[in-house]
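The whole structure should be built from the sequences, with the hints applied where relevant.
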Amino acid sequence: MASTDIATGTLERYGLRDEQLRAIFRNMLLQRQLDNRGFQLNRQGKVPFALGSEGHEALQAGAAMAFNRGSDVLAPYYRDLGLCLGIGLSPYEIMLSIFARAADHNGGRQFPNHYSSRAAGLMSFSSILAAHLPHAVGAAYAIKYRGEAGRAVLATCGDGTTSEGEWHESMNFVAVHKLPFVMLVENNEWAISTPLEKQMAEPQIWKRAAGYGMPGRRFNGFDPLETYAAVKDAMDRARSGGGPTLIEGTCYRYLAHSTDDNDMTYRTREAVLERRKQDPVPAFEAVLVEHGVLTPGDVSAMRKDVLRETNEATDAAEALPYPQPADLYTHIYEGAWEPWQS
Amino acid sequence: MAVVSTQSSVMNNVEAVRATLYEAMKNDDRTLILGEDVGARGNVFLITKDFINEFGPQRVIDTPIAEASIVGIAVGMAMEGLRPIAEIQFADFIYPSYNQIVGEAAKIRYRSNGEYTCPLVIRTPYGGGVRGALSHSVSVEALFYHVPGLKIVAPAFPADVKGLLNASIDDPDPVLFLEHKKTYRLIKGEVPNGHYTIPLGKANLLKEGSQLTVVSYGLYVHWALEAAISLEQEGLSVEVIDLRSIRPMDKAAILESVRKTRKLLIVHEDNKFGGIGAEISAMVAEEALFDLDAPIRRLAAPDVPAMGYAMPLEEEYMSSPGEMADAMREMVKF
Amino acid sequence: MATKQRAASKTRVPFERYGLTDGQLVAIFRTMLLQRMLENRGFQLNRQGKIPFASASEGHEAVQAGAAMAFERGKDILVPYYRDLGLALGIGVTPYEVLLSLFARAADHSAGRQFPHHYASRRLGLHTISSVIAAQLPHAVGAAYALKQSGDGGRAVLTTFGDGATSEGEWHESLNFAAVHRLPVVFLCENNEWAISTPLDKQMGQPDIYKRAEGYGIPGIVVDGMDALTCYSAVRDALARARSGGGPSLVEAKCYRFLAHTTDDDDRAYRSREEVANRRKDDPVPRFEQLLLEYSILEGQDVEALKRGVLEEINEATDRAEAMPYPSPSHLYDGVCADRGEPWLG
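Those protein sequence lines, which keep their order, are chains P, B and Z.
Counting from 102, one number per residue, gives the positions in the first sequence under my numbering.
Counting from 3, one number per residue, gives the positions in the second sequence under my numbering.
Counting from 1179, one number per residue, gives the positions in the third sequence under my numbering.
It is possible that some hints are incorrect.
[Unchecked claim] Here are some of the chain Z residues that sit facing chain B, going by a computed Cβ distance under 7 angstroms: (1) T1306; (2) E1351; (3) S1352.
Hints in this document: simulated from the structure, not taken from any laboratory.
A virtual CB, placed ideally from N, CA and C, is assigned to each residue, including glycine.
Structure, rendered in structure tokens:
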């Protein structure tokens, strides 16, 4: 991976301290563990649905490290478990979402992995691809309009979403108004079953940036540090009035789209295994161990701790109640609501 | 129903859609299918599984994720002599294509004074009861039934799925074909072999009764029927009509039944305000008010934006056979 | 004057005529004249209170007449937008048909249903036009798919739109799909710099629309939209590429909208007279006239005769169309669907 050069033994850390490198790695472990937990719970019949994000860990943990908590706004999509963890969501909050409990941010209304948290600056989003991007653009406009220097919106999507009209409309608008906005495309090569070549004739999505009149860049999304640098660079430009950027991180979707999908209907196990060789989690582990940022003992301890935290979060969330039937009728408008007024 | 063969097969609704699409693809090379994940994946419900191998990627098109263009491109294909069957993966994703359906497809014939037409089928799975939450559960029929130039079908039984889908494919105008996803694997039935059609706009009298007319469509047809049958033990006689088509709609069947039973209950999963039931109520009030012995009643979803993901929220949103039986009982005893 | 210019031209290098015959050059010029004068007629009729509405295409004459010359009648399909009067004329719509559209008469192709300049003609391969910006682009792509599917080589779709349409999601979805499937379609952008009142810099982050082509993996070409012949050449090449399986192209013709958006628009609210007057200096109609005179394709008296002929044709078409009846009220109910289209059956 690009963050380290085995031959020279250098680690390009882009100014990140050891504890930040460890935090990125822990975030990656946590994402993978929670992802697996969702699939396990589904197989156990405890939850009807879970989404996978394996293969996105490096990209998301790296991007999250470039996000300024308490200041930036995140407009993610439903495969952003690690990004949401990285900006401050707890495993317990994730499990509340998976179990659809009343204490979930959305009160159990939304699908798993459809988080929202005003405290974290995490905008509510739907399952509808690209629908969140105009919202992210609007948020960026609000930041610019109010003159809130130093703030920016980080919006993410998969490669599939870049085909939507709303993706185009969003990119065009942020370019016209030079908004503090970063479009981070997590290109995992698959739109459920549709491979890149059936999605677009030019597979390098970042190349569209020039057509909108904004900078574009591609980076290796299996490298958390290169990701961090690319996202930080773009976010810094956005925060300082330099306008929007389109950045594309290449990664891969190791699991099926969701627990309802069987990816062996459209791709081979061999193709997936081949890409597993580049798995960013063990790769980053090896870099950190090689450079003494972590010892093998530290890694084992960290893994144990992540498992403990996941187990505790699972138990705590599972024990909580579902929302009440009466909760169906709240938060439709401000105040109580009946369509017929008497 | 013009049945070519007397033989039949037992199928569920998914299999009925699949078999009908297969025959359409087999019989007419102008027919093609376009949508998200319809090719290698064979559609998320496996409706078009292996079609791409048999008919090729030119006729089974895995589109980019771009619903406005899925419908819009199908419109252009239809205008130039193909018979596209566009798929919106879930009805919840149909909104970006709203203009292409309402503003374009439904108006092509009219605005060109018949020089161009738009024989197009838009299939989409809709409805709840599957833990689909806000974006995999909606009913969209009321958003479209206001639109002249568009036809809307919502079958409940496998045999109707086939006959109506065939009729929709044959139809010279755009048809929105709604498939209730909860019924996909839940509902099985005899399906005649061979090609046949059921005319759009013809309701089906599922169960005769003398004390109350219940009108429904989609999943709730099955639950209403279950409720009506259960009430026979109490000596109550409820007639159940499956609309099958929402636009056009079978006025004669509704009026004939209502004039007999003198009471009308409309049951649907979509929310009540401005729903299909409102139009039926208004029609019956205009045509048969003095034949009624009780106020018309609608049992429909509450006026909330969606059913939630958590089980209690979904159950609260939807009507159960028990709730339907309660409403029927009250109506009969009114 | 004509004599002097002829003399001057002797010392010049022949202009690039892209293989067009004199007859074709004159035909292009006549389409441009016809477009301009018909357009003025629409505005006149509106001012006279005879029709409620007309839309304008002045400044688009060169790109449209040039593109129309590249269109193969009886083979290609045109999916235009509502500012394509000259393109419609150039592929065979008659002034009489245009006037029927302006007057909303029963004999109009849409039988008076559509706005003026929203023509359709199946005979000419001219798709029915929507007022909804970019809505036609997926149709063009679908039509191109149908051509490809039919294996009917040698045919292509020409679809047009203004700069404003390029901001629409359907624009993006259409280019992307056409590129993925290498469809026989040419996307011709008539960039007139104004989306009603919105100038280019409020519409897009950089003003060269053709540059977006690279992001879709298709050729992008830019031409002077005030020059009929380079427009012809670019569209001809792009259509030839499309017809021979080379896939789609994005052609951007930079022109200018000289008039207000429509008779209902007052462009003084958003742009200065000076700007418009300044751009008028590049008016494509006198520019092309000058070229034809300069190279003796036409003499001064030929031009006068052409203009008289065009005016007579328009006058005649106006009178004929105006004399025709409106559609009957009952026509409101016709042709909703192939059947009666009644929502209630029985």
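Now the hints, each set against the structure:
Proximity of T1306 (chain Z) to chain B holds as hinted, the smallest CB-CB distance being about 4 angstroms (cut-off 7 angstroms). Given the 7 angstroms rule on beta carbons, the hint for E1351 (chain Z) holds: about 3 angstroms separates it from the nearest Cβ of chain B. A least Cβ separation of about 6 angstroms between S1352 (chain Z) and chain B falls short of the 7 angstroms threshold, and the interface hint therefore holds.
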